[in-house]
Amino acid sequence: MEKINCDGKTSREINVEIRQLIKQGTPKIQVLSPLARHNLAVGLLEPVELIFEGSVGYYCGGMIDGPQVTINGSAGWGLGECMMNGTFIVNGNVGNSAAASIRGGTMVVHGDAGARAGIAMKGGLLIVEGNCGTMAGFMMQKGTLIICGHSSDALADSMYEGTVYLGGEARSLGNDTKVSEPDEPDQNFLKRTLLQFGISADRPFKKIVSGRRLWNFERQEFEIWKEVL
Amino acid sequence: MEGSSVAEKAVLRHSRIWRPEIIEDIQAKAELGRYRFRGFSALLSRALPSFDDLTFIPCTLTRIPLEGYREKCSTKTVLGTRFARKPIELDIPIMVTGMSFGALSYNAKVALARAANRTGTSTTTGDGGMLPAERENSKTLIYEVLPSRYGFNIHHMKMANAIELTVGQGAKPGTGGVLLGAKVSEQISKTRDLPPGVDQRSPCRHPDWMGPDDMVIKIEELREATDWQVPIFVKMGATRVFDDVKLAAKAGADVVVVDGMEGGTGASPDVLLDHTGIPTLAAVCEARAALEDIGLYGQVQLIIAGGIRSGADAAKALSLGADAVYLGTATLIALNCNKPIYVEDYHKLGTEPYACHHCHTGRCPVGITTQDPELVARLEINAATDRVVNLFNALCAEIQMLARSCGKADVHDLEPEDLRALTLEASMIAGVPLVGTNKVFGGGPGWKRAT
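Protein chains in written order, with my numbering: chain A, 990 to 1218; chain B, 531 to 981.
Extracted from the complex, chain A is given alone in its bound form (with noise of 0.2 Å):
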């Protein structure tokens, strides 16, 4: 494992180190003191072990292909936005927008999440261990998001597809949502999923998906329209 201090450096340096290691082999790097700079380890698309021993700032990991990044700190907005595939694990919190529109991988935050966690997402994996802000899974595309503990307002809005579970309360719940209790095959892929990172299952997990009525235009709908239109 390499290891890269940050002390004194910005981000461009950083990441053109990042990149030289990678380009060397290195599988594993290690990067200290990353002091909540942001777009740290942007546009990777190598399998390579990142860990960041600190907090990072936005957009960290943001549209990445295949590494595999764990945050021993807290990270601001956007944190791996757009990611094809890859994995992230936060043991701190998030701001908002994590996991934003992105199309596969998994990010798991062992703390609370800002504002539209898993906001776009068009696949992959989201888990918050902690609780949620406003508008979580705003227009979800495809993929899953489980929130083990509270959100707050407009949970799922708009979805498309997806699935979200939430194993607290919601505030209130965004349009078009489907409420459900999860069955079976839910209920093992949640204690299988939440397992394997080390977080209980054991909690009143709601299942949430969309009610479909705001796919099409359908002027019979008016009293979600006029809110959503």
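Think of the hints as simulated: they come from the structure by calculation, not from any bench.
Do not rely on the hints blindly, as some may be mistaken.
[Claimed, not checked] Computed list of chain A residues with no C-beta within reach of chain B, every gap over 12 Å: (1) C995; (2) Q1013; (3) S1022; (4) L1029; (5) N1061; (6) E1070; (7) N1085; (8) S1147; (9) D1172; (10) S1189.
[Unchecked claim] For lysine to aspartate or glutamate, the following DMTMM-like pairs were computed, each having C-alpha atoms within a straight-line distance of at most 25 Å: (11) K998(A) x D757(B); (12) K616(B) x E1002(A); (13) K616(B) x E1006(A); (14) K992(A) x D757(B); (15) K688(B) x E1006(A); (16) K1195(A) x D1101(A); (17) K688(B) x E1038(A); (18) K688(B) x D1054(A); (19) K720(B) x D1172(A); (20) K602(B) x D621(B); (21) K780(B) x E1002(A); (22) K998(A) x D743(B); (23) K602(B) x D940(B); (24) K878(B) x E1170(A); (25) K1131(A) x D729(B); (26) K1131(A) x E716(B); (27) K1180(A) x E1170(A); (28) K878(B) x D555(B); (29) K720(B) x E1173(A); (30) K998(A) x D744(B); (31) K1196(A) x D1175(A); (32) K688(B) x E1035(A); (33) K559(B) x E1002(A); (34) K1167(A) x D729(B); (35) K1012(A) x D757(B); (36) K669(B) x D744(B); (37) K688(B) x E1002(A); (38) K1017(A) x D757(B).
The beta-carbon is built from N, C-alpha and C at its ideal position, and this holds for glycine as well.
Following the hints, put chain B in place on chain A, whose structure we already have.
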């Protein structure tokens, strides 16, 4: 007898308030219970201030013209010189704007890409990701990063020659795009990760940033992901242009694209097309003034879009400060949009050639804005490519013709001094003298050239 004589002489009197199209619109909404959709461009009955309100004043004795049919007049256009290691170099200042695969057919996208390639210019992906065939056929491809992120793929972005961070578009600034279910085919649904047949409404806010402060970091992220090699464009609909352009430039854009309210679309709420944004003429003037105000005119390049129809429009935009123009609707018209062929299919849509704005239905009679294989086959790619090539060549020649007449050996040397306003409002907007007065009415944008 007297009464019948009056009746015989009576003429129909239409209200200017309750015109036939107004009555039709009210009755249509009374049926629909929602706003109306359509494609194409603004259909306002009111004439907008436009490039038609300006005229060139070529050389006579005070200046010496170039030989119009002979002498060289450069059209080379370089974009992205501020931060990118590899700025875009184009042979002409006319580019193909972003129109998605989904809004457009495969054949239309490929024809535009090939035409751009043959004329030494660029094409742009649109809201739906990159069509591989578009990359294969384009030497210079601009990859759009839109709020929806439909089809976003980092591998595709890394293949691009420039990135366009889209904040909005002229047809519907402040609102996202629409692709109605008829056009969300199996293929389109896969590329966009949507259910087939769903009425797709794109968001207008990016999922991972909000305002200009965040955009600074977002632009840096795009640069880091592409190793600072390619230019970053920021595209916006024309609204508060003077302030928005400054914010985009300040945030680190290499190139700012401003799309006026005449800009086209494959589908939009009708009310937005006609009642939002400012005209392209005003947009270019405000944009230039904005860049001058912060000392970045000439460092940040400016692309103007929205209803550019001719070499004259393009030349006037260049004169007022643009480095290049985007063409969208005009290229589709070159492809065959609104051409009087397959007329019976226009009639099935309740319209006719020259008045069709039914792109949103997915039943485009000429195979451009459709995903129906039978309709798509009506657009023969090679012939369509030739027509767009011819259009670009013609427009480029028109720009050169005007530039030479103004004594310019480079189309980018055209300047506001080469123009006069035909209307008082154009003089006030563009800051060029009203014809016959030698006087600028209103402050105008100023027209210092960067050195």
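So, going through the hints one by one against the coordinates:
Listed as outside the interface, C995(A) is consistent with that label: its C-beta sits roughly 15 Å from the nearest C-beta of chain B, beyond the 12 Å cut-off. With a minimum CB-CB distance of about 17 Å to chain B, Q1013(A) clears the 12 Å threshold, and the non-interface call stands. The claim that S1022(A) lies off the interface holds: its Cβ sits roughly 19 Å from the closest Cβ of chain B, which is beyond the 12 Å cut-off. The beta carbon of L1029(A) is not kept farther than 12 Å from every beta carbon of chain B, the shortest such distance being approximately 9 Å.
For N1061(A), the shortest C-beta to C-beta distance to chain B comes to about 22 Å, beyond the 12 Å cut-off, and the non-interface label holds. The beta carbon of E1070(A) is not kept farther than 12 Å from every beta carbon of chain B, the shortest such distance being approximately 4 Å. Residue placement check: N1085(A) does not keep its beta carbon more than 12 Å from all beta carbons of chain B (closest about 8 Å). Non-interface call for S1147(A) relative to chain B: violated, since the shortest CB-CB distance, roughly 9 Å, does not exceed 12 Å.
With a least beta-carbon separation of about 22 Å from chain B, D1172(A) lies farther than 12 Å from that chain, consistent with its non-interface assignment. In this structure S1189(A) is separated from chain B by more than 12 Å, as the shortest Cβ-Cβ distance comes to about 30 Å. Proposed proximity of K998(A) and D757(B) is supported: the alpha carbons are some 17 Å apart, at most 25 Å. Between K616(B) and E1002(A), the direct Cα distance comes to roughly 20 Å. Compliance with the 25 Å bound is thereby established for this hinted pair.
For the proposed pair K616(B) and E1006(A), the alpha carbon gap of about 22 Å is at most 25 Å, so the pair holds. A threshold of 25 Å between alpha carbons decides the hint, and for K992(A) with D757(B) the separation of about 22 Å falls inside it, so the pair holds. A C-alpha spacing of about 19 Å is found between K688(B) and E1006(A), which places the hinted pair at or below 25 Å, so the restraint holds. Taken as a hint, the K1195(A) and D1101(A) pair is honoured in the structure, with Cα atoms around 19 Å apart against an allowance of 25 Å.
Taking the CA atoms of K688(B) and E1038(A), the gap is near 22 Å; set against the 25 Å cutoff, the hint holds. Simply put, K688(B) and D1054(A) have alpha-carbon atoms about 12 Å apart, close enough for the 25 Å limit, and the pair holds. Distance hint between K720(B) and D1172(A) is unfulfilled; the C-alpha atoms sit about 28 Å from each other, more than 25 Å. Only pairs whose Cα atoms come within 25 Å are accepted, and K602(B) paired with D621(B) is accepted, the gap being roughly 14 Å.
With a CA separation close to 23 Å, the supplied pair K780(B) and E1002(A) stays within the 25 Å bound. Annotation: proposed proximity of K998(A) to D743(B) holds, straight-line Cα distance about 22 Å (limit 25 Å). Taking the CA atoms of K602(B) and D940(B), the gap is near 8 Å; set against the 25 Å cutoff, the hint holds. Of the pairs offered as hints, the one joining K878(B) and E1170(A) is violated, with about 48 Å between alpha carbons and a cut-off of 25 Å exceeded.
A C-alpha spacing of about 16 Å is found between K1131(A) and D729(B), which places the hinted pair at or below 25 Å, so the restraint holds. Of the pairs offered as hints, the one joining K1131(A) and E716(B) holds, with about 16 Å between alpha carbons and a cut-off of 25 Å not exceeded. At roughly 15 Å between alpha-carbon atoms, K1180(A) and E1170(A) fall within 25 Å of each other, so this suggested pair holds. Between K878(B) and D555(B), the direct Cα distance comes to roughly 19 Å. Compliance with the 25 Å bound is thereby established for this hinted pair.
Restraint check for K720(B) and E1173(A): not satisfied, since their Cα atoms lie roughly 29 Å apart, outside the 25 Å limit. A distance of roughly 21 Å separates the Cα atoms of K998(A) and D744(B); the hinted pair therefore holds under the 25 Å criterion. Taking the CA atoms of K1196(A) and D1175(A), the gap is about 8 Å. The hint holds against a cut of 25 Å. Between K688(B) and E1035(A) the CA atoms are separated by roughly 14 Å; this keeps the pair inside 25 Å, and the hint holds.
Using a Cα cut-off of 25 Å, the hinted pair K559(B) and E1002(A) is violated, with the two alpha carbons roughly 58 Å apart. Note on K1167(A) and D729(B): the hinted pairing holds, with a Cα-Cα distance of about 19 Å set against a maximum of 25 Å. For the given pair, K1012(A) sits about 14 Å from D757(B) by alpha-carbon distance, which is consistent with the 25 Å threshold. With a CA separation close to 32 Å, the supplied pair K669(B) and D744(B) exceeds the 25 Å bound.
Restraint check: the Cα-Cα separation between K688(B) and E1002(A) comes to about 20 Å, which is no more than 25 Å; the hinted pair holds. This hinted pair checks out: K1017(A) and D757(B) have alpha carbons roughly 21 Å apart, not beyond 25 Å.
Hints 4, 6, 7, 8, 19, 24, 29, 33, 36 from the earlier list are contradicted by this structure; the remaining hints agree with it.
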